[in-house]
Every structure is written in C-alpha cells, then in structure tokens.
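Take a look at the letters that make up each chain.
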Amino acid sequence: MKNFRFFLILLFLPSMLVGCVETNILDKLGLVTLVGYDVGTEEKMATTSAIREVNPEFQSNVEVITTENETSKGNRMKTNRKLSKKVVVGQMRVILFGEELAKDDIQHYIDAHLENESVSNSVYLAVVEGEMTELLEYEYKNIDDIGQHIYRLLEQNIKQENMISATLHETGHDLYTAGEDIFMPIIKKEEEVVELSGIALFKNSKMVSKIPPEDTFYVKLIAERFKTGTFETILQKEDIPDNLMKNTPNEIPIAFDTIHSKRELKLVNPNTPEFDLKVKIKSRITEIYPDVNLGDPKTVAILQKAISKNLSREISRVIAYSQSVDSDIFAFGEKFRSSVRGSNLTKEKWHELYKDMKVNVEVDFVILRSGVFE
Amino acid sequence: MKFKLPFNKKNETPVEIGAPRKDIGMLNPLKNDFVQSIKDATHNPADLIIKDIPPNHLTLIYINNLVDDVTLNDHIISNLQDKPNDTPEVIKATLSIPEINTSTRLEMAIKSLVNGSVLIHLEGYSQVIMANIPKRESRNLSTPENESQVLGAQVGFNESLSTNISLIRRYIVSPDLCNEKFTVGRRTNITVALLYINGIADDQMINTLRQRITDLNIDALLDSAVLAEMIDDNSMSVFPQMLLTERPDRFCDGLLNGKLGIVVDGSSMAIVCPQTFIEFFQSREDQNLRWQLATFARLLRFTAILLSVFLTPIYVGALTFHYEVIPQAFLVPLSESRALVPFPPVIEALLLEFIIELLREAGARLPTKIGQTIGIVGGIVIGTAAVQAGITSNILLIFVALSALASFTTPSYIMGNVIRLIRFPIIILAGYWGFYGIMLAFCFILIHLLRQSSLGAPYMSPFYPPRLKSMADTIIRLPLSLTSKRPEVTRPSDQEKFNPEPVKPDKS
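Going line by line, the protein sequences match chains Z and Y.
For the first sequence, the residue numbers in the numbering used here are 1 to 374.
For the second sequence, the residue numbers in the numbering used here are 1 to 508.
Chain Z on its own, in the form it takes in the complex (with noise of 0.2 Å):
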C-alpha cells in the first residue's frame, strides 16, 4: 500500500513540471530560413535576416530585416522588437557573410552558431560578393522568398557537384582540423539573378582570396570530393599534339561526364614536402568541338593523353594559387600529419611547410565511351 502510493506520487509528480517547457507553437513563430552577417556601419555587427511570417490574413510573407548590434543575440532581440512573432533559428538553412567580414574573421560566428543547438548542422555557409543588404532587401521579379531561393540555388548546385559544399558541421571540422583551410562558396546579386560567383579560399578563418567557379572541379578532385558530374575543360594549343586532325584550331573545348573519379595521395618527401598526386578519372565525351573522329581508337588516344595533360596542368595551377595565398583548402596537411609520425602539426606550422609544398601531379585520363548520351 505505501509502496504503491509512493509510486503513484511519483508518477504524478512530473506533471509539476508542466509550466517549465518553453512552447514554440509553429504559427506563433517568425521562422528564420536564411541570416546574414556584415560589419556594421554604426556597431559592430550588422544582421540581415529572412523570416517566413505566416498571417491569417495574408498568405505567408517573407520579411527582410537589417539590425545593427554587438552580438548576434542582440541583433535577435533588435529583430524581435520589429516583428509580432517570436524568432527563432531552428529553421534556418543558410548563413551568409559579407565579404569585408569575412576578410575580418569568421570564427566567431561559427562557432556559436555549432554551440546552439537549435541550429542545424547541416546549414550551408557562404560568403557575399558585394552589399548583404542589398542582395537580401532587393525585390526581385521572380524571386519570391530570398532565403528559400538561396538555399535552393545552394543545394541544387552542391548536388549536382557543381559547387563546393560548406555546410556548418564540415566547417566546424575543417577549421578545427590543424592541416586543413575552409573555404565557401561565393554568391552574388546580378542585376535580377542572384548567382554562384566562385570559392572564397580562407587562411584560418581569415578570407584571403577566391579563385572562379570554373575552378570547383579541380579542387574536388584534388581534396577527393567529387564523385560523378559534368565538367568542361579547353585543350590549349600547347596541349594539343599535332597527329590529332589536319588543322589543329587553336583551342578545342571538351566537355565530359565523369562516370567514375580516384585519387591518390602519397607524402614521398616529408622534409620538403613533397606530394605525389595520382588523379584516375573515367568518363566519357559529351562535347567536342570542332568534330574528332572518336571512333578510331588511336585518336582516343591521343585525345586521353591530351586531356590528361591538360588536366594535370590545370590542377597544378590550382595547387599553386592555393599556394601563394597560403590556403590549404585540399587537406594535404592532414595528409601530412597522419604519414609523418609525431609531428605534432599546428595551423601555424604547417603555413609555414605549405608555401614550399611540392606537388607532382599526375591524371590518368580515360574516355570510356562517346557518343549519345543523356
């Protein structure tokens, strides 16, 4: 019996703490899909948010809101002041930098939206090209909701492999990770377009350049995260070897379908160091211009070891511009610190050992097929 009563309180005892759970309910909420960080012009930070708004008397809307305060809590509560709806993040899918804080520091920013823990993980970040106020507030034709637009155009392309993808949780690995930089795409406002404009390269948390979007393929392929797409290249005249055709054009751009991509990565010098870079790509020819006859199997041939050579050359370019920014966004220095025993490898050791890195790269090109496809 005083078993039972004890238990029985017990059971109802929990139902005190009715009143201690904190209720979002869903059309009571200012759901933030999208927020913006710039340096402000007053104070310290600038926030531009995107907060789907669901109305009774309207159909939903998407407001645009700029406040200026310390801290990103601050700016949240500025936010709050402005709307008839509690706002919250657990909604948000993209989280964007202006360029000028970017080029300041990022850190922060990153860090505490991995300490909150109604933010996804799987946000995407990316860095603006140009005014943040001016993408987000400006009223596009076509574009209804900003935020979702963005996340959208994000996600689509970082699917397709054609855009390099910087969610929150890979981020937060790379710039904890001592031989490895960040880097995040680069969206910007054209005209009535927003567009994907390029990778902004970091050094720490520091953005140092951006190299153009043509470039995404090769720095997948090196740092091994490309896996199947469509990508085009042009054979230079120097590439070009003079059995292919009769009148070998100045220029012949291809475009190819990789079906299926390797590479390996071996430290063969550590005091250097120096890398050898073994890039196996197979795939097959979408476009070629002008006409080469891809039936006869020694213009394969040639063709394999003409984009190979091509390849490799553009991919040394790519390591050499990373290079002269002195950001690792391919992880050789992850490369570096598991092959070489005790190296107790810092950020600021391995700047040090980047700028004289050695690559040798090598592509193994081959055309599987050709022909109609799609």
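There are no misleading hints in this set.
Label-pair ranges, simulated between beta-carbon atoms:
| # | chain 1 | residue 1 | chain 2 | residue 2 | range |
| --- | --- | --- | --- | --- | --- |
| 1 | Y | Thr384 | Z | Lys86 | 29 to 39 Å |
| 2 | Y | Glu361 | Z | Glu139 | 49 to 59 Å |
| 3 | Y | Leu358 | Z | Gln107 | 51 to 61 Å |
| 4 | Y | Ala329 | Z | Lys86 | 19 to 29 Å |
| 5 | Z | Glu139 | Y | Val325 | 28 to 38 Å |
| 6 | Z | Ile259 | Y | Pro479 | 39 to 49 Å |
| 7 | Z | Cys20 | Y | Val325 | 19 to 29 Å |
| 8 | Z | Asn55 | Y | Val325 | 16 to 26 Å |
| 9 | Z | Leu114 | Y | Thr384 | 46 to 56 Å |
| 10 | Y | Ala329 | Z | Thr71 | 29 to 39 Å |
| 11 | Y | Phe408 | Z | Lys86 | 35 to 45 Å |
| 12 | Z | Asn55 | Y | Ala329 | 17 to 27 Å |
| 13 | Y | Val325 | Z | Arg152 | 16 to 26 Å |
| 14 | Y | Leu421 | Z | Leu114 | 40 to 50 Å |
No lab work stands behind these hints: they were computed from the structure.
Where is the CB? At the ideal position from N, CA and C, for every residue including glycine.
With chain Z held as given, fit chain Y onto it using these hints.
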C-alpha cells in the same frame, strides 16, 4: 491517511454470502401437498402448469415457456394417457424421452423444473420423474458481424451453447476434444463450457483456468466478456489478456495451437486464452492467404497501429515544441492551415479526437435505420464545417481521420478500442512535454505490457522473453511449411504440428 483501493485484495477475508434458496427437504407422496410445496418453492408463477392425467392420479407440473410443446404432447401426454401406470419405474420405461431421471428431493425437482423439465408425480410415491424437454430458442447461424473476413468460413457463433459446441465439434472431429461444464452465477446458473484438446493443451494451464472458473463467487453472469474480465490475470489493465471471438475457426485455431477455450451459454462470443499481445493483431484470414499477401496485410496492420497511436501526438508535439523537425516543404502548408485556429495544437487535437470518438459512439448506438445519417453528419458537416469555421486545421483533420481509420484495422474489436483510448493520454503528454512526453508515455505503456501475463504466459512473448523461433511468425506470416511447430507461449504438450518434410517430390 490510508485509502482503500479495489485491487489490493490480499488481506480481505472472503465474505460468505448465504445461498438464497434453502434445502427444503424430501418430497411429499400426497398429491396436494406435493403441488403446494412446488408452488411455494417457485413462488407460484403464472406460467406454472399443473395438469392431472386420469386414471392413475398422475400429476404433470411444468413451466409453460420452458418446455417444448411438441415433445410434451407427442411423447409424454399421449404416452401416459389411458395407460395403467402403476409405479414410477413403469412410467419411466414408457416415456420415449432421452433425458429422464427420478428423485425424491424437492431441491432437485425444482432445479430440474426451472431447467425445462416436466415433473411427473404419482399419487402415493415420494419419487418424482423428471423428463427434460427444454425448448431451445436461438437465432439462426449468421455471418460474424464484428470480425468479418473476405476469405474463409462465413459462420459465427450464436447465443446457444449447444449450437456453438456443435460448430466447434464439426471443426475438430476428435475424441480428444475435451468439454467440461461448469455452472456460474448463484442467481443465473449459466452453463459455461471449458474446451481444450487433450494431448496439446498444457495441464497446468487447464488446472489454473478450471480453478479460476470454479472459484468465481458471483450472483449473475450474462456475457462471456464479463467472464473474461473476471478471470483475466490483471483485470485492472486496459489491455485485454484473453481474446473474445465470434468466429469458430479462430476459436478452433486457438485450440489446435494448445490454447484453452471457454464458451458461455447465452453469449455469442467465446473466450480464447492464453493470448499474447501480438496475436491480437493477427487475423485468421492470414492463414488463408498466400504468405506474401498475408505478410503485407500484417505489416500494414502494424504500421496502422503505430500511426494510430503516435501520429496525432507527433503532430501536437512538433507544432507545440519542436518546430525544428518539420520538413521545410511541410512548413508553409502546415502553418498556413493552422493560422486561423484559435487554440493551441493540443486542444485542437483533443477536440477533433473527441468529435471522432463521438461519431463512432453515436454510430454504434444509433438504430440501424438512421445510422447512415451519421456518415453524412460526420463526414461532410462536421469535417468541412470545422475547417471552414477555423476550429481545426485541414492537416490535423487528415491525421485524425487516418488514425481513427487505422485503429479499425485491428482484428480484435476490444483491442481496437484500446488503441484509440491510449492515444488520449499520449496527446495530453505530447502537449505538456512534446516528444519527451510521447517517449514517457511509450515507456510507460511498454513497461506495463511487459508486466502483464495471460494465464501465466508472458504477454509480450515471443519478444519478451525472446523466443527467436516463434518470433518469425509474428510480424510477418511465414510460409506454412516453415511453421511446423506450435508457438511456445501455450507450452503445448505436443510441439510438432506436422512433419516438415515436403509432400511433393523435389524437381529434378
């Protein structure tokens, strides 16, 4: 401050309730005294017929509505008239009635009289002849209405014990089918039959059940559902531990798997026990379908049950606390349909669930002729109007209707009701603490289920205690060739159902 609880019976002393009828004694050989004593004992009912037959001062006493008129005329009155019936032995030999007894005790005579006997008294003898010719009123056999199935026998039990037992005996033609009779209820004296197959059913279980029935000290029993609740292992639990079925094939399937069955006179539902939780969601029809189809049906049913219990609570939890988990594509339609609703999600959900339950209850109580109106009122008027008036959201309406529909896929009506009932506390907990509340409720229910037993057999078997071999034939239906063993939960004396070797020769 100690309060008394109904389910702590340990220290209570059993209350002795005196029998309402006293032992009146021996019968009187004199006719007038005999008739008077019968009248006194039966309180002289209006339908008590006392009839004299010449020439030997024979007296016939019977209750008009209890005896079969045709038999009475053809086999008793015509046989006794104008014959020199000197002694009770002669009369007993004369009558062409199968069940005929003699007694000198008044108590026996009265008991026989109310069971549908004709008492024949001969002047000067204290012996009375009891010719049992009861009128058996019962409806015709019909299809089982609460447990209909597409493939399989279309016959259900009716309210007559003898019809029901004959149905069972047709399914199991075997001398091993045991039938024990009990009389339950001091005032109603209802016959209860315990059936099992000797050689399959476990002796210990038979003894337990036999003891539970004989130990019953109740004054009336009107339906087998009441009996099932009384002899359950835990009558306080919301989950039934014995199956009530009106299908003879399901009943016999149970007997053949080593279960015990109880049939109650006057009730169209039979009890099958021991029954595990998972078996409530299996239908007899599963055996009649090809195993792939039956597996699909079973998986559908289990999904339906999970949906039925958890869909509305998840809606409430997600919309009240965890907006993060809502998929992005769902976000806008969900919040737009909620925008006009003035209540928090938990009130909205409870309201709608209440309306659905109201419709179901009204549908069950309404006379059949106006039952159709409920469909129209429920479906069109309440559903559409509630959304337009902004009391509920469209999406919740779909969820609630779906979970109500899903709960009806349970082959056991009682279990279906339980599934609908346990949703309410879970919705309330989801409204209090969100997904943590749902988890709390789930754990509570799971622990409760694990603690139950059915006739001493574990209720959650074969999952707990884990019995790997029996587990295969629960959520999916195995091909028949792989189910040659009886489930272990009944502890059958004979494990093998058949030889697992294939009958047909191997293809070469």
